[in-house]
Amino acid sequence: MSIWEYANPVRFLALSAKVQPFAWGAAAIGISVGLIWGFFGTPDDFRQGATVKIIYLHVPAAWIAINAWIMMLLASLVWLVRRHHVSALAAKAAAPVGLVMTVIGLFTGAIWGQPMWGTWWAWDPRLTSFLILFLFYLGYIALWEAVEDPDTAADLTSVLCLVGSVFALMSRYAVLFWSQGLHQGASLSMDKQENISNVFWFPLVIAIAGFTLLFLALVLYRTGTEISLRRARALSARMEPRA
Amino acid sequence: MIPDLGKYATEVLSAYGVSLLLLAGLLARTLRRGKSARAALKQIEAETKRHGKV
Amino acid sequence: MTLTLVNVAVARGGVPVLGGVAFTLRAGEAMILRGPNGAGKTTLLRTIAGLQLPLSGTIDGAADRIAYGGHADGLKGMLSVAENLSFWARVYGHSDIEPALATYALGPLRSRLAGTLSAGQKRRAGLARLMVTGRPIWILDEPTVSLDSHAVALFADAVRAHLGMGGMALMATHIDLGIDAHLCDICGWAAAPQELLGASDEAFL
Amino acid sequence: MIALLIRDLRLAMRAGGGFGLGLAFFLIITVLVPFSVGPQSSLLSTIAPGIMWMGALLACLLSLDRLLALDFEDGTLDVLATAPLPLEAALAIKGLAHWITTGLPLVVAAPFLAVLLNMPPQGFVWLVVSLALGTPALSMIGTFGAALTVGIKRGGLLLSLLVLPLYVPTLIFGAEAARRGAAGMAVETPLLLLAGISLACVALLPFAAAAALRMTLR
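Protein chains in written order, with this note's numbering: chain R, 10 to 252; chain C, -16 to 37; chain G, 40 to 244; chain L, 1467 to 1684.
Source of the hints: derived by calculation from the structure; they are not laboratory data.
Each hint should be verified, as a subset may be incorrect.
Stated by the list, open to error - Here are the simulated distance ranges between beta carbons:
#	chain 1	residue 1	chain 2	residue 2	range
1	R	S245	G	H133	56 to 62 Å
2	G	S150	L	L1475	26 to 32 Å
3	L	A1490	R	S245	24 to 30 Å
4	C	A22	G	A192	47 to 53 Å
5	L	A1666	G	S188	54 to 60 Å
Unchecked claim - The list that follows gives simulated cross-link-like pairs (lysine to aspartate or glutamate, EDC-like), each with its CA atoms no further than 20 Å apart:
#	chain 1	residue 1	chain 2	residue 2
6	C	K25	G	E137
7	C	K18	C	E28
8	C	K32	G	E241
9	C	K(-10)	R	D53
10	C	K18	C	E30
11	C	K(-10)	R	E14
12	L	K1619	L	E1554
13	L	K1619	R	E14
14	R	K27	R	E14
15	L	K1619	R	D160
16	L	K1619	L	D1540
17	L	K1619	R	E154
18	L	K1619	R	D54
Ideal placement from N, C-alpha and C gives every residue a C-beta, glycine not left out.
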């Protein structure tokens, strides 16, 4: 049983129908527990005060924003190499989710930055990279909307995703070169003691897991939507009376 | 019930408000689009059945 | 040297329009495709020219031997007729455009800008482009649009000369050119809506 | 290949100022900036390198939507795709023609316009060098964007949306080099990185652009 069997829309939908209830449920539990624990059950940071509670939204959103793009890149590669429609449609389905997560990351970051750094926005490498990522999402989604033929749209957006990823990576290093930042280092690392203490760490990890499951559930459902739209299109194209 | 957020109450609450609102918006849009697409497909499938098998 | 199609299926907008297309065209032969609008003439010609991929089947003897003339002429309005033709000649590795100009009576127009030509004159220049390519297989989509009867005769002479030199021509037209050609009604190959033939969206059916 | 280059250059000259248009746009931006930020020469000389780079970038963007769209409409691209010339080479040539008609005039004109913005004279040479190294990348990225959007009706705005984020690294290193040059600092690092980006773009993007174009024509 190879993984490619799920490239068939029917098999994909069957599997997706089985997985989705668990994904939605676990996502709801994870996000609720992570956010409620974080919001009500953690102390204030001695330096940042209550603003530290924003971390339970900010970090998971940022995590998804980046990984959604990576998932789209992989799905695009699969489409270009193996021509599996489900893969292209999954990339299409993931893009708006990634976009919203990027916006959440930017918004919560700005709200957090105001009391901490004294400014809503600084041209810090991390913030700037996220802004660029936001632009890439916009362009990718706009290209999907603009091309009429769905297979051509899948082709072109995949090429854009590939080339865009290279340029996004280059931008990341360019931005690091261009400005030293205010942003703190990674919030999560293997050596957790170094970054944030256990009190904050557990709810944060749960929130991240919840967001990841939410992303999975959303992408599965949205891919199902795209498959329905393609199937409807294919069926109605064949019903039209021939000239 | 709401913990004492000190002087940062506005920031924290608005961050949660904006984020949850955005998530809810995404969820609502996803579900609405999904429902209408699935309904449209059902209708077309029914029509094709009447016209004969594809 | 032949052009051979075996069991070729083509699609427009993802939906198969023709299936099981099979014929062989030998040196010196011409074929005229007939069929109502939307039957798939343009799609078939574009597929043979290599501009789109067939859904299935094989096309032999087409690679790097085709000169394609579609609905648009591929002329630049801001260049003269001679400049347009020499550009295409050089792209195909030739330089002599005089025979083409002579065949289509374009001599007096050679230094006129293509943008100032009438529709029929433009078409003649577009057809002259086929001659400067030096390619043996001409694929023409409605070549006689906006040509008057005199120009149609020039075109027919050019095709006859091309066939006489061992060339081939495959065209979609409804005009009787007076050329000795196989007539071929492509309706015989029309794909039934139910057939899949490797269509790109068959995974969704 | 030369034939295609000559044809594109000839077209640019005849079609009412392919050479002139980008340059005039560049000039207008340079003239308008002091109106918007005020005439203080100290402020202008600080931001001059950035303005010059921004102007060059926008001038490049201006002519991109005609780069392939006209050839698409009149059927030239169909014929080119069946011609013996590989599509990759054809697109590289088109990018080169775009650079010669848009990028090169900007490089030449930049020092004269920099005078208008009170840029310190020591920075002129680095401004010219950074533009000379960076504008080929801008043209090639633009060609790729044009290939992506050529089949789309009214794709001009979308083209800008797709291309501008791709311009970020080039802009950062190019403007940084010009800025450091104007301030009398060492410019080697950003210049080397800029040259690297340009080389990579010129070497690899024609393939991506040709792939995108084939997908559209199909």
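Given the hint that C:K25 pairs with G:E137, test it: the Cα-Cα distance must not exceed 20 Å. violated, 63 Å
Check the hint pairing L:K1619 with R:E14 against an upper bound of 20 Å on the C-alpha distance. violated, 37 Å
Holds or violated: L:K1619 and L:D1540, Cα atoms, limit 20 Å. holds, 15 Å
Holds or violated: are the alpha carbons of C:K18 and C:E30 at most 20 Å from each other? Cα-Cα ~19 Å, so holds.
For the pair we were handed, L:K1619 and R:D160, check the Cα-Cα distance against 20 Å. Distance ~17 Å between L:K1619 and R:D160 Cα, so the pair holds.
Just to be sure I understand the hint, the distance between the Cβ atoms of C:A22 and G:A192 should be within 47 to 53 Å; is that true here? violated, 60 Å
20 Å Cα cutoff - pair R:K27, R:E14: Distance of about 16 Å is within 20 Å: holds.
Quick check: does the Cβ-Cβ distance between L:A1666 and G:S188 fall within 54 to 60 Å? Hint holds: Cβ distance 57 Å, inside 54 to 60 Å.
Can you tell me whether the CB distance of R:S245 to G:H133 sits inside 56 to 62 Å? violated, 48 Å
Taking 20 Å as the top limit, are the C-alpha atoms of L:K1619 and R:D54 close enough? Violated, at roughly 54 Å.
Given the proposed pairing of C:K(-10) with R:E14, does the C-alpha separation stay at or below 20 Å? The hint is violated at about 56 Å.
For the pair supplied as a hint, C:K(-10) and R:D53, confirm whether the alpha-carbon distance does not exceed 20 Å. Distance ~12 Å between C:K(-10) and R:D53 Cα, so the pair holds.
Going through the hint list in order, the structure does not satisfy hints 1, 2, 3, 4, 6, 11, 12, 13, 18.
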